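Residue numbers (my numbering), protein chains in the order written: chain P, 1 to 231; chain D, 1 to 231.
Because the hints were derived from the structure by calculation, they are not lab data. Since the model is a prediction, treat every value here as computed from it, not as a measurement. Possibly wrong hints are sitting among the right ones.
Put simply, identical chains are the same to the list, so a pair is met inside one copy or across any two.
With a Cα cut of at most 30 Å, we get these calculated DSSO-like pairs of lysine-lysine [said to hold, decoys possible]:
hint, residue 1, residue 2
1, Lys141, Lys207
2, Lys140, Lys207
3, Lys184, Lys140
4, Lys183, Lys140
5, Lys183, Lys199
6, Lys37, Lys184
7, Lys37, Lys183
8, Lys141, Lys199
9, Lys41, Lys199
10, Lys30, Lys125
11, Lys130, Lys140
12, Lys222, Lys184
13, Lys184, Lys130
Take a look at the letters that make up each chain.
There are 2 protein chains.
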Amino acid sequence: MIKVVLIGQGNVASHLATAFDAATNIEIEKVNSRHLKNIPKADVTIIAVSDDAISSVSNLLNASAGLIVHTSGTVPMNDMHQQRKGVFYPLQSFTKGAIVDFSNIPFCLEATNNNDLELLELVAKSIGEKSYHITSNQRKKLHLAAVFVNNFTNHMYQIGKDICDEHQVPFEILHPLIEETSKKITNISPKEAQTGPAKRNDQQTIKNHLEQLNSQQQEIYKLITQSIQEN
Amino acid sequence: MIKVVLIGQGNVASHLATAFDAATNIEIEKVNSRHLKNIPKADVTIIAVSDDAISSVSNLLNASAGLIVHTSGTVPMNDMHQQRKGVFYPLQSFTKGAIVDFSNIPFCLEATNNNDLELLELVAKSIGEKSYHITSNQRKKLHLAAVFVNNFTNHMYQIGKDICDEHQVPFEILHPLIEETSKKITNISPKEAQTGPAKRNDQQTIKNHLEQLNSQQQEIYKLITQSIQEN
Chain P
1 MIKVVLIGQG NVASHLATAF DAATNIEIEK VNSRHLKNIP KADVTIIAVS
51 DDAISSVSNL LNASAGLIVH TSGTVPMNDM HQQRKGVFYP LQSFTKGAIV
101 DFSNIPFCLE ATNNNDLELL ELVAKSIGEK SYHITSNQRK KLHLAAVFVN
151 NFTNHMYQIG KDICDEHQVP FEILHPLIEE TSKKITNISP KEAQTGPAKR
201 NDQQTIKNHL EQLNSQQQEI YKLITQSIQE N
Chain D
1 MIKVVLIGQG NVASHLATAF DAATNIEIEK VNSRHLKNIP KADVTIIAVS
51 DDAISSVSNL LNASAGLIVH TSGTVPMNDM HQQRKGVFYP LQSFTKGAIV
101 DFSNIPFCLE ATNNNDLELL ELVAKSIGEK SYHITSNQRK KLHLAAVFVN
151 NFTNHMYQIG KDICDEHQVP FEILHPLIEE TSKKITNISP KEAQTGPAKR
201 NDQQTIKNHL EQLNSQQQEI YKLITQSIQE N
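Kindly generate the complete structure, drawing on both the sequences and the hints.
So, in structure tokens, the structure goes:
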């Protein structure tokens, strides 16, 4: 049995708490970060608070907290000053209220030594399936890559929807294509999966498309078309 | 029983042929577009050839071909000159050899009169579930929107993978996030679904991210960030 203390009240904390509650080899105790007085002893203490608060919360903990980890995608491990520290970062975008299936969420783990890394792997395996040893620098790169594949991709969806709305076309017609595009790259690389007028260098279609867009959409269309052709 | 003649040898033609073969209310006959002499009589003749060839193939057909439709996302219906004509466009990106589940693919239908539109709906329903009445102009807009949600989204995946590869991070860590992002917009609009540093106007993170990118990636990052903030 691994004793886990979970500090925090936000989305990540509440989703983790639900998952740990159901795990057979974890004894979980939840602590509100605003009442950090008698912090229980633990094998692992997980600080699931906002990025800005991680350092100050960690400063309130001592050796009885065991291995101290945060759950952030961006804060370096060494922003905490304990000897036994690490990172326990579930890479997913958590929505309040939505049910989270951790079996499909990868955990990015980091620690200062192999014993602690193995302990984090046990904790991750108790609620999920996949975990990766990722350094603070690699985690920083993952977070950056996630902006492209999540936030920027979502903006491509928004422009697609704007074009549909403007012409009374139901955006849902594009849902299956969106799903297919997202699935394809789990089998072949995005570079191999690329199709379309930019890839084919179909100048006539590119010209036709540009004529139908507003100026900001045109800039985006031109720049991404160029990037597809040069990469 | 609806008699369908299918002209073409490409991906769309072969996927449609497989689906029609399994449909109980369709009698399907396949014709090679290079041997267009004795074209059989039909209720519906589907021209599933390359965009460039649609007009010339349609010119070889007469009234015995019944309702003549093409399967293109971009060619206007009126590029064909028969009286009874239409469009039967399955909106998906077809990969050779891959199995296609038409039950999940929307058909965009167009015809010159309601009777022919209803006939196309029957044909679509025989192999799929969803069909939409879409004009040639709307289809043109759908095709444009598809470039954003498919080709440009795929390029966002490629940039994400490039960043991962450069730092020896397995791109597969991002697969669940990619899937989640694509699913989210089937429940809420992309605008509502947007998160991240651009949406939050988190200048410090944006600055950090830009410093980690090459010049082309920087241009894309800046332009999409600006577009997210202004839309």
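Review point. Hint by hint, which ones does this structure get wrong, listed from lowest number up?
Key: Those not satisfied are hints 6, 7 and 9.
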